[in-house]
Amino acid sequence: MKTPYLPKWADRMIAGVPALLVLLAVMLPSPKPANAIPAFARKYGLPCSACHITWPELTNFGQVFRDNGYQLMNERDSPITRDASYFPASIRITPQWHRESANNQTIDVTPGTTEDGERKGTVTQAGFDLSGMDMWFAGTLFNNISFSVLPSSDSTATFHFENAYVRFDNIRGSRWFNLKVGKYELDLPVSEKREWTLSGNGGFYYIYHFIPANDTNIFGGIGDNQTGVELTGHSANSYTRYAISAVSSLDGGVNLAYGCTAVNTNCSTPAGRTLDYYGHFEQAFNIGNGNLGYMKVGAYGYYGFAPTYWQTTGGTTQLYGLGNKPFYRAGAEWLWYTTHWNLKGVYLHGWDSLCLANVTACNLGHVIPDTTGFQSTSWNGGFLEAEYVISPQWVLLGRYELIRMAQQGVVGAPGSLSNLDAYTFASRWNPFMFSRAGLAIQAEWSYIRSTDITNQGGAFGSTCFNPAAPCHIGSNSLFLATDFAF
Amino acid sequence: MTMSKNVKHGLMLCALGLSLAIPGIAVAQDTGAHAAGLTGRAEAGKLDYRRWCVGCHGEEGNGEGNNAQWIDPKPRDFTTALFRWRSTPTGSLPTDQDLYDTITRGVVDTFMPSWRPLTPQERVDLVAYIKTFSTKWQTQKPGTPIAIPPEPPTTIESVLRGRETFDKLQCWKCHGPEGRGDGPSAVTLTDDKGLPIRPYNFHDGTRFRCGETNQDLYKIFMTGLDGTPMPSFVDNLKPEEAWDLVHFLRTLQPHVKSQSRDLWLEYVKTHKDIKPIGADSAGQ
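Residue numbers (this note's numbering), protein chains in the order written: chain A, 1 to 486; chain B, 487 to 770.
Hint data in this document are derived by calculation from the structure and do not stem from the laboratory. Using N, Cα and C, we set each Cβ at its ideal position, and we do this for glycine too. Please note: incorrect hints may appear among the correct ones.
Claimed, not checked - Computed cross-link-like contacts, DSSO-like style, restricted to lysine-lysine with a CA-CA straight-line distance of at most 30 Å:
1) B/Lys724 x B/Lys743
2) A/Lys120 x A/Lys296
3) B/Lys532 x A/Lys296
4) B/Lys532 x A/Lys344
5) B/Lys679 x B/Lys659
Claimed, not checked - Partial chain A-side listing against chain B, Cβ under 8 Å, derived:
6) Leu46
7) Val64
8) Leu72
9) Phe285
10) Asn286
11) Asn289
12) Gly298
Claimed, not checked - Label-pair restraints from in silico Cβ distances:
13) B/Leu655 x A/Asp83: 32 to 38 Å
14) A/Ser235 x B/Thr714: 29 to 35 Å
15) A/Ser78 x B/Thr714: 21 to 27 Å
16) B/Gly680 x A/Ile287: 44 to 50 Å
17) A/Ser235 x B/His741: 34 to 40 Å
18) B/His741 x A/Phe486: 35 to 41 Å
19) B/His520 x A/Leu275: 52 to 58 Å
20) A/Leu141 x B/Arg693: 21 to 27 Å
Please work from the sequences and hints to get the whole structure.
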């Protein structure tokens, strides 16, 4: 059997990796699940680099493959064209070493006792760790009927369904009509599930999940997978794409339940009966016949509802959600892909209505709440990301992300409350490029500085030490990992 | 006069350096490529080849990528410069546009996907790099594309003449009387590598490996598929006869809507005593 493409210098480098790992140790909480599936490479005989800039991030070829319903449209897509021994399954997990550190944390003046009071200080943890694991099953049930099931676990092996859907592809022979039903990632301007940064502070896009301090909206953000139906369409080369979704106002929860908040601590609570809506459109065009790559521009928007009180027991024990109030997220994207450089810019504007922005129940039947001093909340944010593709096997990344509050939920609150800035730098190297499995050696450093945010950002997520807001937390992650998939 | 050790070592190093450089220079010689109104660069194509092509076609372009052993039909061996899908006469090199079109279109019912998602520049760069695998591109020029005359109207008379040609040229011996790829010679066929190869199955197929239009079909049997048992019939058919054959071949495809098939089905309703094609009385 032929060995995979593995030059001699790679052999020497791999021999040195264990020593490197001993020198640099990083610990990481569970990274997000991510969508890279060697099973596709095995099915079609293509190396991972065909579909991925660096897995799991997609090339345009990979995007077309995905838009076609995980089909190459070469009359060999149906599972009946494959040997019965082929099974559309892959696993991915990331053993790692990471270090997490955050300042302005509440610690004892004298460790072990509160007799001397508390002070602000820096907390640091480091060590070897495991990520969660993805077990991904995806492919075709039949010609033009595709599927995906992704049981995903955290690092303690507690599983949930990250996605599970059926997709009817190329309805009536048209690539402009594809219908997906189930739980799935929204068609985001830049897919979070396919971005390859993994560290505690750099492993996700903040704008996709941001909720301001004290905001009671339990929507986890457009970066959370949602449950509903999606209609999509694309041109032959996916340069023109659209997606429209109608999802239950459950933030992807199952058993008709919403997420947990300070108000709703019963996580199996039935939610309201509303639907949220999402739309995305993008258009790409070659720059100079493609000798300067291609550029994409697009716009997206999410309009949703969240309950503010519940039906039973004085509103403290919920039966189903009522008093649904609106919120939205909307923005635009600009992306430029060349042979060696990929540049991405995404902007988002968020708005939560007054009743979500504050712990105030609205529309309590005959009770008219006093909303004096409260208002809706809004913010602007985005990220700029640059990737340098040294080769199909080695990619570098730098990202800057920021969020700035435009209006606080409480009149007179400091304008900078909940603002954040985040930086991420990463290197990802694949020692081999293959059609059977994947291995990446990754090094990453990320830093976030947030203002009085306790529900996102920072490895520890604890309250900032400073009774007089605003208070800044600076948190950084150092991460070294072996990320593999089969 | 004897050489000092230092001079000897220096010369040995130079020789080593040259011996490493010269093959690299020879392999990397850029013959250029011109297709889709663009100029391709082999150096740029090399990086794209490594990302997209090496897994099947191999580092040396010999069709022995690490995945090739699991693929049927086998990936193209670029070192032989033998290509099936061409607009040029049999035995000649394809044009750069032919290679570009194959990359763009892919080869249906094989592991070669359509690479339309790549930019036009990437595809023409790949053409330039592929041409570095064989010295034939430096010593020979591509053939002149055949002229494809305008297609005449589809009539039942044209279909019947084409049917007669299909019988007379014994196409049925490979493709079968009903075009199902099950002719008496079908199981004996091998390609240029000595591997089994099946004739095209008109009955089940909707697209050809080199396209899907009548012009593509015309080109197939007027240029032949080099490296396969499918010859060129350019010396056996006049252009109008070739178009008749195209019209008949379309009647063999029940899954492709065509005027030819509609005319043929109407014809057989009133002509029950049609002589079967070939020696097998179970023919069409």
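Okay, the hints, checked on the actual structure:
1. B/Lys724 x B/Lys743: Judged against 30 Å, a Cα distance of about 26 Å means the pair holds.
2. A/Lys120 x A/Lys296: Violated. A/Lys120 to A/Lys296 sits at ~46 Å, over the 30 Å cutoff.
3. B/Lys532 x A/Lys296: 25 Å, holds
4. B/Lys532 x A/Lys344: Given that 30 Å is the threshold and the Cα spacing comes to 26 Å, the pair holds.
5. B/Lys679 x B/Lys659: Measuring from Cα to Cα gives roughly 22 Å; hence the hint holds.
6. Leu46: It holds, given that the least Cβ distance between A/Leu46 and chain B is near 6 Å, below 8 Å.
7. Val64: At 4 Å from the nearest chain B Cβ, A/Val64 passes the 8 Å test, so the hint holds.
8. Leu72: 4 Å, holds
9. Phe285: 10 Å, violated
10. Asn286: Holds. Min distance 5 Å.
11. Asn289: This interface hint holds because 5 Å falls under the 8 Å limit.
12. Gly298: 17 Å, violated
13. B/Leu655 x A/Asp83: 32 to 38 Å: 37 Å, holds
14. A/Ser235 x B/Thr714: 29 to 35 Å: Taking Cβ atoms as reference, A/Ser235 and B/Thr714 lie about 34 Å apart, which means the hint holds.
15. A/Ser78 x B/Thr714: 21 to 27 Å: 26 Å, holds
16. B/Gly680 x A/Ile287: 44 to 50 Å: 46 Å, holds
17. A/Ser235 x B/His741: 34 to 40 Å: Cβ of A/Ser235 to Cβ of B/His741: about 25 Å, so the range 34 to 40 Å is violated.
18. B/His741 x A/Phe486: 35 to 41 Å: For A/Phe486 against B/His741, whose Cβ atoms are near 38 Å apart, the range 35 to 41 Å holds.
19. B/His520 x A/Leu275: 52 to 58 Å: 54 Å, holds
20. A/Leu141 x B/Arg693: 21 to 27 Å: Since the Cβ atoms of A/Leu141 and B/Arg693 sit about 23 Å apart, the hinted range of 21 to 27 Å holds.
When held up to the earlier numbered hints, the structure conflicts with 2, 9, 12, 17 and fits the remainder.
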